[in-house]
Every structure is written in structure tokens, then in C-alpha cells.
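Protein chains: 2
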Amino acid sequence: MKNLLLASTSTLHGSDYLDYLLPELKLHFENCKTVLFIPYARPSGISHEEYTQKTALAFAKINITIKGIHEFEDPALAVQNAEGIFTGGGNTFLLVSQLYYYKIMITLKETLEKGTPYLGTSAGSNIAGLSMQTTNDMPIVYPPSFQTLGLIPFNLNVHFLDINSQSKHMGESRETRINEFLQFNNFPVLGLKEGSWLKIKKGKTILKGNLSAKLFRKNQTPLEIATETELSYIQ
Amino acid sequence: MKNLLLASTSTLHGSDYLDYLLPELKLHFENCKTVLFIPYARPSGISHEEYTQKTALAFAKINITIKGIHEFEDPALAVQNAEGIFTGGGNTFLLVSQLYYYKIMITLKETLEKGTPYLGTSAGSNIAGLSMQTTNDMPIVYPPSFQTLGLIPFNLNVHFLDINSQSKHMGESRETRINEFLQFNNFPVLGLKEGSWLKIKKGKTILKGNLSAKLFRKNQTPLEIATETELSYIQ
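Heads up: the protein sequence lines correspond to chains A and B, in order.
In terms of my numbering, the first sequence opens at residue 36 and continues consecutively.
In terms of my numbering, the second sequence opens at residue 36 and continues consecutively.
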């Protein structure tokens, strides 16, 4: 049975990397001595090594060792054998390209469906949806497909922001972009604000954190969802 | 010789669609009775008909008739025969997908290289660059390639915004995204603010409008560019 934490962001403003999630991560990974880290999304272009070191420092606070997937000769085997897995944020186009390049998209999906505990932040959460098409990232590389893990029956929009009615900027708002997506695709999109995460465990999907989320469906008014709501009805 | 206007946005806050550009468009299209409109980017998912009607209303103010490319049986022939061409904003992934679907990417490039006057706004300006990879849009459809017209030897980032140092949002800033692009691609990116446009005429590329632009190059500090600067040195 799936055991996933899908967080909107790794970091809250004014606090350290992963700090706000550590109490939850301690429980989530309680049976893991080592967690496999997937650094492929490379935020700001940092190397796999740098990103893995940064993540290892944060996980050391809860006595968990981090191993980067790039340290293994066979990434698929590393996924299958992992006690727990964490995919960090960065650029979703790059992350998805790399998952296809190393031929581990399906292995990762199958492994997580069997119950290996998983944490995703930002891009690492995006890939749990049906497709990466509601990412906010720039298309810096061309992936072979936009299809992703499909561990949840909808898409996520991470770092979600409500419309800023004071803005004089004429670029599309996040809501406009999601509605454009829904003109061409018929599955729901959950806008997950920074500080929120989905906890998917024992067959239940629950919105965690202090904030509400926003659910978008084709031809429907968006719905505000309160924290602690059970979301298994969304499909 | 190329004769292009590439605008960051179609509309300034508090003013009507295309209004701020009309004096420039009157000159730019002075030899055109009719301009061919490419509505493929469909902002907010509006139909080709609606988008073309909206554009026709704006161009009527300068006594130019607008014909939508979707009204023609052979879009390539419509491009070749056009007195002038305007590609409107919306979703760049959709626009590029449609240009490939109708097999007019190369025809459009060749036609504009011969000197047919062209206006692009937002997504319609993005496609003048080497690739669409510095778009801000969501990947709502999967295009067969990210390569675009290459009418200028660099990429544009439209609706460009400087970093908001007051923001507590942890999603990537525009500048971070462009720098991630430059980690994986080695051509310049010009951040074009709303109200700015490039005028490419008689072999010269000039930054127009009241605002500065920002030039990003791989491994270099971004450069602020003053309005009226000649930009032909960028490559």
C-alpha cells in the first residue's frame, strides 16, 4: 500500500531546508536507516553531489543517512532495494528527462506502489501526478514524454499562490494557467500552497499543514479544501 | 530584410488590448490593408474566432483588416501571401504545437526572413527566438520540438520581472529559472519587460519602450540594457 508524503516546497521562508517537515519525516521514515535521494532536478543547476550533501545534512538531524542515486551503478536496482526514497525539487523538465534517461520511471512507480516510503518536495511531488503538465518550471530540456508516475489520480500544482489582486503584471496568473491546462486535459489539479503536503497512507489521502488547498476541475468553479480533509474522492 | 516588432505583452495594465502599440503598428504595417492573424496560442483557451474578432477590433482603430489563419484552407499559402502577419499571445506550448501540426514553422521563418512585416506579442514574440525554452507558460500540450523560428540569435523571456526582494514565496524567481536554462543551453536570453519591444528593421535590432531590458549569458553577470540600445551585437 502506498506510503507517500508529497510536499509543495522543501523550505519555508526564513527557515532551513526541510526543517518544517522534520517531525513528520521522523515518523514517515522511522523504519529507515538510509534513504535513497534522487537529486536529478538540480535546483539552480547545482551538482548531484552538492545537492545530496545538502540533503544529508538535513536528514542527519533525524539520524538518517542519505545516499544519492548517482552513487549507484544500477539506478533501477538502487530504487528497488531502497528502504525509503526522497526526490528533491528543482526543475521538473530536467527531473523527468533524467528518470526516462535512466529508465527508472516505471521501476520507481512499481516500487512506490508496493509501499516503500517516499518523500517528494516540489518537482519531486509533481512527478507523483498523472503528468508534469502543471509544473511552474521552464522547459530547459526536452523530455521524451510529459507522463509521470500516476501515483495519485490527479495533478499537483506546487508552490500554489492565490491571485494577487494588487498586481499590475499582465502575465498569466497561476489560476489562468491551470484553467488553460483544463481546456486541453480532463483530470483534476490540486493547487498545494507552500507549507502544505499530502499524506498518502493506508489507502487514505489527507491534506496536511496549516493552509487550505485549491481544487480545479474542468468546467467547474475551483474549490477551497480545508487542511485535514480526506481527498480520496478526487479522481 | 527582416521587419519585426517583438513585444513583451499585448496589453498594459489599465489600458486596452494593443493600445500602447497602435502608433508603432500604424507605421509598421503602413503598406498593409490586411494583416494575417495567427490565433493558435488561445489565451485562457478562447477560440480562434473569438481571438481573431478581438484583434480585428483593435486593428480597426488603425484601419487595418484582420484575417485569421484558421479561415484559410492552406495555412502555408496564407502565410506566403500575407501583406503582414501578427501572432498573438497565449500559451507557447500550444502555439508551437499548432505551428508544427500545420507544418508552417519553416514557411513562417522563410516568409519573415524575406521581409513580410511581423508583429509578435508575448508567445508570438517567444517563437522568434532560437527555442521556446524560456517561456513562462505551462506545458499544457506536448509539442514535437522546442525549436522555434530563430529570427533572432538569442531567446526572449517576455513579461520579464525583476526579483521581488520582499517576496516570501520560495518558488523560483524568473532570474533563477533563466540561470537554470543557461546551465544546459549556451545562447543568450533577453528579459523583456511589459511595455518594451524589439524593433528589427534594416538590419538593426533596437530596444524600444520606456524600460530597460536584462541580458543573461552563461557564466556572466546579467547586464541591464537601456532603451534605444542597438542589440545586433548579441549572439
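Hints in this document: simulated from the structure, not taken from any laboratory.
Careful: at least some of the hints might be erroneous.
Claimed, not checked - Below, simulated DSS-like cross-link-like pairs (lysine-lysine); rule was C-alpha separation at most 30 angstroms, straight line:
no.	chain 1	residue 1	chain 2	residue 2
1	A	Lys89	A	Lys61
2	B	Lys144	A	Lys243
3	A	Lys203	B	Lys144
4	A	Lys61	B	Lys243
5	B	Lys253	A	Lys249
6	A	Lys203	B	Lys203
7	B	Lys61	A	Lys253
8	A	Lys89	B	Lys89
9	B	Lys253	A	Lys89
10	A	Lys203	B	Lys89
11	B	Lys203	A	Lys96
12	A	Lys203	B	Lys243
13	A	Lys239	A	Lys37
To be verified - Over the 12 angstroms line for every Cβ pair with chain A, so calculated as not near, a few chain B residues:
no.	residue
14	Leu47
15	Lys61
16	Ala91
17	Phe128
18	Met173
19	Ile175
20	Phe189
21	Lys203
22	Ile241
23	Glu263
Glycine included, each C-beta is placed from N, C-alpha and C at the ideal position.
A quick look at each hint next to the structure:
1. A:Lys89 - A:Lys61: The given pair, whose Cα atoms are some 18 angstroms apart, holds under the 30 angstroms limit.
2. B:Lys144 - A:Lys243: violated (50 angstroms)
3. A:Lys203 - B:Lys144: violated (33 angstroms)
4. A:Lys61 - B:Lys243: violated (55 angstroms)
5. B:Lys253 - A:Lys249: violated (38 angstroms)
6. A:Lys203 - B:Lys203: holds (19 angstroms)
7. B:Lys61 - A:Lys253: violated (40 angstroms)
8. A:Lys89 - B:Lys89: At roughly 51 angstroms apart (the allowed maximum being 30 angstroms), Lys89 (chain B) and Lys89 (chain A) break the hint.
9. B:Lys253 - A:Lys89: Roughly 24 angstroms between the alpha carbons, so the hint for Lys253 (chain B) and Lys89 (chain A) holds.
10. A:Lys203 - B:Lys89: Holds - the C-alpha atoms of Lys89 (chain B) and Lys203 (chain A) are around 22 angstroms apart, at most 30 angstroms.
11. B:Lys203 - A:Lys96: The hint holds at about 25 angstroms.
12. A:Lys203 - B:Lys243: OK: Lys203 (chain A) and Lys243 (chain B) at ~20 angstroms, within 30 angstroms.
13. A:Lys239 - A:Lys37: At roughly 9 angstroms apart (the allowed maximum being 30 angstroms), Lys37 (chain A) and Lys239 (chain A) satisfy the hint.
14. Leu47: violated (7 angstroms)
15. Lys61: holds (22 angstroms)
16. Ala91: Check passes; 21 angstroms lies beyond 12 angstroms.
17. Phe128: Phe128 (chain B) is in fact no farther than 12 angstroms from some Cβ atom of chain A, at 8 angstroms.
18. Met173: violated (4 angstroms)
19. Ile175: violated (4 angstroms)
20. Phe189: holds (15 angstroms)
21. Lys203: It is violated; Lys203 (chain B) is separated from chain A by about 4 angstroms at its closest Cβ, not greater than 12 angstroms.
22. Ile241: holds (23 angstroms)
23. Glu263: Holds, because the least Cβ-Cβ distance between Glu263 (chain B) and chain A comes to about 23 angstroms, which exceeds 12 angstroms.
Checked against the numbered hints above, the structure breaks hints 2, 3, 4, 5, 7, 8, 14, 17, 18, 19 and 21 and satisfies the rest.
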